[in-house]
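As you go down the protein sequences, you meet chains X and V in turn. Numbers given in the working numbering equal positions in the first sequence, counted from 1, plus 21. Numbers given in the working numbering equal positions in the second sequence, counted from 1, plus 1.
Honestly, I wouldn't trust all of these hints.
[Stated by the list, open to error] With the C-beta cut set under 7 Å, the calculated list includes, among others, these residues of chain X facing chain V:
(1) Phe151
(2) Arg193
(3) Gly320
(4) Val321
[Stated by the list, open to error] Just so you have them, the derived chain V footprint on chain X, three or more residues with Cβ under 8 Å:
(5) 74-80
(6) 343-350
(7) 414-428
(8) 488-498
By construction, these hints were calculated from the structure, which means they are not laboratory data. Virtual Cβ for every residue (Gly too), placed ideally from N, Cα, C.
Spelled out, the chains give:
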Amino acid sequence: MIENTKCECGHQNAVGTILCEYCGKPLHDEDSDLPLEMRYDGVARRSQRSSKSIIDRVWRFFSSVKVAVYLIVITLVLAILGTIFPQENMLININYAEYYKKNYGVIGQIYHFLGLSHTYETWWFRGLLFMIGTSLVICSLDRVLPLYRALSNQAVKKHPKFISRQKVTLERELPAEPSKWIDQFGQALKKKRYRVVQEDDALLAEKNRFSRWGPYVNHIGLIIFLLAALMRLIIPGWQYEQYVPILEGDTVKIEGTPYYLKNEQFTIEFHEPDAEGNVVPRLFRTQAVLYECVDNCDGVDEPVLEVVKEHAIEVNSPLEHDGLAFYQYNYNYTPIIRSMEVKLEHVETGEVYGTFPLRTNDPEAMYEVGPYEIELRHYLPDFTYENGEPATKSKNPNAPAFIFLIKGPGLPQEGNIHIYFPIPDDQIRFQQDRVNEAAGSQFRMSVGDMENVEIAMYTSYLNIKSNKGMTFIWIGSAIFIIGLVMGFYWHHRRIWVRIDDGRLLLGAHTNKNWFGLRKEVSEALKITGIEVEASSLDNGRNLT
Amino acid sequence: MTGLKKYRKQIQIAILSVVLIIGLYTIGSSLFAEKDSFPQAGEKAPDFTLRGLDGELHQLSDYHGQAVLLNFWGTFCPPCVDETPLLQQYYEQYKDQGLVILGVNLNESTVTVQGFVRQFSVTYPILLDKEQVRKQYGVNQFPTTFFISPDGMIVEKWIGELREHHLKPRVERLVPRKDDTA
Numbered sequence: 022m023i024e025n026t027k028c029e030c031g032h033q034n035a036v037g038t039i040l041c042e043y044c045g046k047p048l049h050d051e052d053s054d055l056p057l058e059m060r061y062d063g064v065a066r067r068s069q070r071s072s073k074s075i076i077d078r079v080w081r082f083f084s085s086v087k088v089a090v091y092l093i094v095i096t097l098v099l100a101i102l103g104t105i106f107p108q109e110n111m112l113i114n115i116n117y118a119e120y121y122k123k124n125y126g127v128i129g130q131i132y133h134f135l136g137l138s139h140t141y142e143t144w145w146f147r148g149l150l151f152m153i154g155t156s157l158v159i160c161s162l163d164r165v166l167p168l169y170r171a172l173s174n175q176a177v178k179k180h181p182k183f184i185s186r187q188k189v190t191l192e193r194e195l196p197a198e199p200s201k202w203i204d205q206f207g208q209a210l211k212k213k214r215y216r217v218v219q220e221d222d223a224l225l226a227e228k229n230r231f232s233r234w235g236p237y238v239n240h241i242g243l244i245i246f247l248l249a250a251l252m253r254l255i256i257p258g259w260q261y262e263q264y265v266p267i268l269e270g271d272t273v274k275i276e277g278t279p280y281y282l283k284n285e286q287f288t289i290e291f292h293e294p295d296a297e298g299n300v301v302p303r304l305f306r307t308q309a310v311l312y313e314c315v316d317n318c319d320g321v322d323e324p325v326l327e328v329v330k331e332h333a334i335e336v337n338s339p340l341e342h343d344g345l346a347f348y349q350y351n352y353n354y355t356p357i358i359r360s361m362e363v364k365l366e367h368v369e370t371g372e373v374y375g376t377f378p379l380r381t382n383d384p385e386a387m388y389e390v391g392p393y394e395i396e397l398r399h400y401l402p403d404f405t406y407e408n409g410e411p412a413t414k415s416k417n418p419n420a421p422a423f424i425f426l427i428k429g430p431g432l433p434q435e436g437n438i439h440i441y442f443p444i445p446d447d448q449i450r451f452q453q454d455r456v457n458e459a460a461g462s463q464f465r466m467s468v469g470d471m472e473n474v475e476i477a478m479y480t481s482y483l484n485i486k487s488n489k490g491m492t493f494i495w496i497g498s499a500i501f502i503i504g505l506v507m508g509f510y511w512h513h514r515r516i517w518v519r520i521d522d523g524r525l526l527l528g529a530h531t532n533k534n535w536f537g538l539r540k541e542v543s544e545a546l547k548i549t550g551i552e553v554e555a556s557s558l559d560n561g562r563n564l565t
Numbered sequence: 002m003t004g005l006k007k008y009r010k011q012i013q014i015a016i017l018s019v020v021l022i023i024g025l026y027t028i029g030s031s032l033f034a035e036k037d038s039f040p041q042a043g044e045k046a047p048d049f050t051l052r053g054l055d056g057e058l059h060q061l062s063d064y065h066g067q068a069v070l071l072n073f074w075g076t077f078c079p080p081c082v083d084e085t086p087l088l089q090q091y092y093e094q095y096k097d098q099g100l101v102i103l104g105v106n107l108n109e110s111t112v113t114v115q116g117f118v119r120q121f122s123v124t125y126p127i128l129l130d131k132e133q134v135r136k137q138y139g140v141n142q143f144p145t146t147f148f149i150s151p152d153g154m155i156v157e158k159w160i161g162e163l164r165e166h167h168l169k170p171r172v173e174r175l176v177p178r179k180d181d182t183a
């Protein structure tokens, strides 16, 4: 079936057009007197045109605002579900399935099974975001192009039905000569910053048309925003998020980058205790140094590092470099001996031979103190006995034990074995002195003052994120706001006038603030000698 | 305007296909990311180079043509300690038939590793890994042993302590040739 869509003014309209694109004549309910539906100026949206092809069906699906609303609501609901329990990427180094089962029971198991434990990375969540993006693009294109065409090709002399069925209308005998009156009315509107076009005995005045583009500018901002989020998925290095624990004094490789980060010192300060004695932290600070690997970066040997940047990382002050941002995330009290200056003396005479530095992380094997050569034969960071043999429970220096072989003057050729526990409790627990005596060691090792011991108190947890997409996020947000302002603070107003046989027919339309429009029209009319109450211009009151 | 009309269909198709490509990529990338990308049985064992306790560089591909047991261990892990004498015994027994055991240590102090090796008289190569190969192979439980065939394929990933009755059939299947004494 081919519908005849030619208007009586001779303009060929597209199928689905409500008001003739040129003269504005209502094409469907010609006999009604009700105010017209002016959305998109009555032009046909692209998707309304009749076609049965798959492309048109897809296009029509995404161009529906109803579909868009459903998509947004579904996405919001799922995003909310994703916040109920902690997401997987917030958890460090554990079995996810067990974590959710242990902490949240059956609900936790279901949560993990459904993939809600990593909602924002699932294919269905991304799929929804992508469909919202598609809907945004197609909804906008589907409306903005026909609207642009209609607004840039407006007839000055509109169909009488079009004018009389506007929400703001006036019809009456003209007191003056038509062309003179129209000039005068046009001047009055120009003073109100209208663009005025006259043609025969008709007039079109229009202002702030640009505000009609506000929603679409806004959508462009949103699309840039979504694309930036998408780029994070597509471009390697744009999506990067890690939680890294760094003990004070440690330098840690930042996986997937050429960088290493050192935690020089972690500081925590507290507020004064409140009435109930609760202490609230006031400040977390990680004094950090960022290094870049310049040689031996393959992880085989000790890497050669160069300082890139130093920064005191605090909660709202991340260290930023090369699109990476290091945020203060958490901390843990983990007191551990890092190193000490050990004094070597004779167990009986107390003669001091000297001191040597001893690390608890990868200690050196050979030391020289006075006349003695000390070899570190074995190091057990978390000492215990396993089946009667010395062993270590973990990699952490919780109960460090150093087994030395000392050679030098007055000692047997093969040397003397000496065991040293830096922590006093361990010395007693593992009977250090008795073991040494039995081994025939004539030495004593000690650190003396606590000043000679370097202790790491805290492990700082940093959250490392790529912020490479941020520029686009900001641009997108700025455009979003500009669009919003355009649409909210300016209103598109149009006034049509035609005079037939000395009778004035006036209609006006705006998308917002009808009161303001009526007032402007009545003021302009007053200048031309027509006194009308602004409120009486409202359609439905002055139509007889 | 007529020009625009003429191309409207093409423009529409172009927009939809761009949207489709982006969409497939978005959804595809998250589907793909959910897959385990760590080496599994039946795959080629990823190559790596590590410094050994002997100070030499050891590359996995150097051992091509030999059966390799890639054993991730630490002195802090009791089952790793327990299986060490057995591994040493098998190494001595089968090394002439082309068996290599590579003990990848889990980032411990060199002195600690050295002390342990001396304590247990370990003679197979011990490699010092700074978390690199552990992560590459996706090893989170210790000990973990990869049985690698002479042509460099992972035959099996074994998690936990290896006992005689685990080790014997696997090693015998894996070594390239048997002599009469085996």
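Against the structure, the hints:
A cut of 7 Å between beta carbons decides the hint on Phe151 (chain X): the least distance to chain V is about 5 Å, and the hint holds. The beta carbon of Arg193 (chain X) comes no nearer than 38 Å to any beta carbon in chain V, farther than 7 Å, and the hint placing it at the interface is violated. Using the Cβ-Cβ criterion of 7 Å, the hint placing Gly320 (chain X) at the interface with chain V is satisfied: the shortest such distance is roughly 4 Å. Because the smallest distance between the Cβ of Val321 (chain X) and any Cβ of chain V comes to about 5 Å, under 7 Å, the interface hint for this residue holds.
As drawn, the segment 74-80 of chain X meets chain V at 3 residues by the rule of a beta-carbon pair under 8 Å; at three or more, the given contact holds. Check result for the segment 343-350 of chain X against chain V: violated, 0 residues qualifying (beta carbon to beta carbon below 8 Å, three or more required). Under a criterion of three residues with beta carbons nearer than 8 Å to beta carbons of chain V, the stated coverage of the segment 414-428 of chain X is upheld, 4 such residues being counted. Given as covered by chain V, the segment 488-498 of chain X fails the check, having 0 residues with a CB less than 8 Å from a CB of that chain where 3 are the minimum.
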